[in-house]
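Going down the list, the protein sequences come from chains A and B.
Residue numbering for the first sequence follows our numbering, starting at 1 and increasing by one per position.
Residue numbering for the second sequence follows our numbering, starting at 1 and increasing by one per position.
Don't read these hints as lab results, they were simulated from the structure.
One or more of the hints may lead you astray.
Pairs of lysine-lysine, DSSO-like flavour, derived with a Cα cap of 30 Å [as the list claims (entries may be wrong)]: (1) Lys32(B) to Lys58(A); (2) Lys143(B) to Lys32(B); (3) Lys186(B) to Lys10(A); (4) Lys143(B) to Lys54(A); (5) Lys186(B) to Lys54(A); (6) Lys58(A) to Lys366(B).
For reference, the chains in residue letters:
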Amino acid sequence: MNTDITASAKPEYPVLDRNPPFTRVVGNFSTLDYLRFVTITGVSVTVGYLSGIKPGIKGPSMVTGGLIGLMGGFMYAYQNSAGRIMGFFPNEDEVARYKK
Amino acid sequence: MFNLFLAVSPEIFIINATSILLIHGVVFSTSKKYDYPPLVSNVGWLGLLSVTIAHFFWNNLFRRDNFTYFCQILLLLSTAGTISMCFDSSEQERFDAFEFIVLIPLPTRSMLFMISAHDSIAMYLAIEPQSLCFYVIAASKRKSEFSTEAGSKYLILGAFPSGILLFGCSMIYGSTGATHFDQLAKILTGYEITGARSSGIFMGILFIAVGFLFKITAVPFRAAISLLTLYMWAPDIYEGSPTPVTAFLSIAPKISISANISRVSIYGSYGATLQQIFFFCSIASMILGALAAMAQTKVKRPLAHSSIGHVGYIRTGFSCGTIEGIQALLIGLFIYALMTIDAFAIVSALRQTRVKYIADLGALAKTNPISAITFSITMFSYAGIPPLAGFCSKFYLFFAALGCGAYFLAPVGVVTSVIGCWAAGRLPRVSQFGGPKAVLRAPFYYIRLAKRMFFDTPRTWILYEPMDRDKSLLLAMTSSFITSSFLYPSPLFSVTHQMALSSYL
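Just chain A, same shape as in the assembly (with noise of 0.2 Å):
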C-alpha cells in the first residue's frame, strides 16, 4: 500500500517521521496541542450546555456538546501533531528533542 502522502504537498520543514504511528504522534502533544483541545472541549460543552438551556435538556446536551468537542479537539490536535512530526509545520522543539 502506498503511504506516501506527501505525494501532492512536499513538507517545507525537517522530516522526523514521514508516516508516524498514532502512538507517536499523540505522544508529540505540545502545551498548545493541549490548550487547543481544552479550548475546543471546553467552548463545545459551554455551547452544548446554553443550547439546552431552552428545550430544558441542559445536561444531555452539554455532554453531545462535549463529545464533539472532545473528538474535534482530539482530531485537531492530532494534525498539527502529526504535521510538525512530518514536516509540514514549523518543528524546531521536536528536532532538538530528536537530535538529542
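Mind docking chain B on chain A? Use the hints.
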C-alpha cells in the same frame, strides 16, 4: 496508515458529529422524562458548532490546491449561515423536525468531497449522497403538500441528470480506460497534439457537462423538462421547501458543482464546442432568470429565478476558460453566497409574520425601516447597481468574458441586469409603496422612490415581528460586506487570483 486519513479529517469529523447529533436528536426528542422537547434550535446550535470546528482543520498542506481550499471554506461558511437561519424560523412556522438540521451537514460533507474530487468515480460518489439529502430536506415539512411536492419533483428530476452524468463518465472510461482527472488530462492533451478525434470522449464530456448543467438549474435544461411536464422545476422546488432549505439549495450546490465543473473543464481539454454550449446556457439562464422573475407575485419565486439568473452570470466565469474567468467565478460565488444568505434571512424573518406575497411588503418601510433598507440594498446588489458588491462581481465576470472574446455575452449580461433592476426594484418599491396597483405601476415609482417611501400610505398593513438576534447578526455581517466591499476589494481579488492560479498549476 492512519495518517492517510489526515487529508480528509474535516469530512470525517463532520460525519461523526452528524451521527452524534442524530443519536442525540432521536434519543431526546422521544424522551418522556424530558417531556418530548423540541430540539431544532438545540441541534441547530450543535450543528453550527460542528461546522465551525470543521473550519479549524483546514490548512493548505493537506488540501490538494488553493482552489479546493477556497471553495470548501466558502461552502462551510454558507452552511453555517444557513443553519443560523433555522433557529427561530422552525418555531414560528411550527416545524419541529430536528432531522432537517442534521440533514444539512450531511450533504455538506458530500459537497466537500465533491469539491476535492479528482476522479470521476469519486465525483459521482460524492454527488449522489448530496442529491439524496437534498431530496429529503426539500420534503422535510411533512404537513405541507408544497414541500412534499417539492421533494418529489426534486427526486424524479434529479435522478435523470445523475444518470446522464454517470453515462458520460462511463463513455470516457470506455474510450480512455482512465477515471482520474490527471490521467485524462494527459490522454486528452495527446489527442490535441496529434489532432486525433474521439467521438466517445467528446460525447462523454458532453454528457457530463449536460448532467452538471441540469443539476445547477441551467437553462435550457430546466426548461427542457418543462416542455414535457409544463413545469419549471427549480422555482417550484425552491418555493415549496422550507425557507432555510431553499437558501441552502440556492447556495451550497452551486458552489460545489461550479467548482467541480471548473475542474472537469480545465482537465477535460476545454474545447470550442463545449465552450459554446456553456456560453449558450449562460446567456439563456441570464435572459430567462431576468424575464421570468418579472411575472412573479410571491416573495420566494423571484429569488428562485434570480438564483437561476445569477448562476448564469457565474457560469460565464468558467465558460471563458481563462485564469481571469476562474477568478471571476470565485468572486461571483463568494458575493452570490453572501447576497443569497442576506436575502433569505430577511425572507425567513418575514415568513414568521405569514408574508408570502410581494404585495404584503407594503408596510415594511413604515413598521420596520431597517429591514426594508437592508432588503432594498440586497435587491439592488442582485441587480448589479454600484457601489454594491453585486456590481463588483458582474463587473469582473463581464470583463473576463470580454477578455476571452465573448463580445456577445457581456452586452446580454448588461441588458439582463437592467431588466433585473426592474424586477429587483419591484420588491423594495412595493415594500415602500404598497398594494397591488403599485406593483403594476412599479416602473414609474422607481424614480420617485424616496418620495413614495415617506409620504405614501401602504395598502396592506401587517405588523412585522422583530427579527431574532441570530438573523440580525447574520444580516449585519453580510450587509456590511455588500455595502463596504466596493471601498476595499483588493483582499478578495488577490485571494481569488491566487486560488485561480492554483487551479491551473
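Quiz prompt | Numbers of unmet hints, in rising order | solution = Numbers 5, 6 - these are the hints that the structure violates, sorted from lowest upward.
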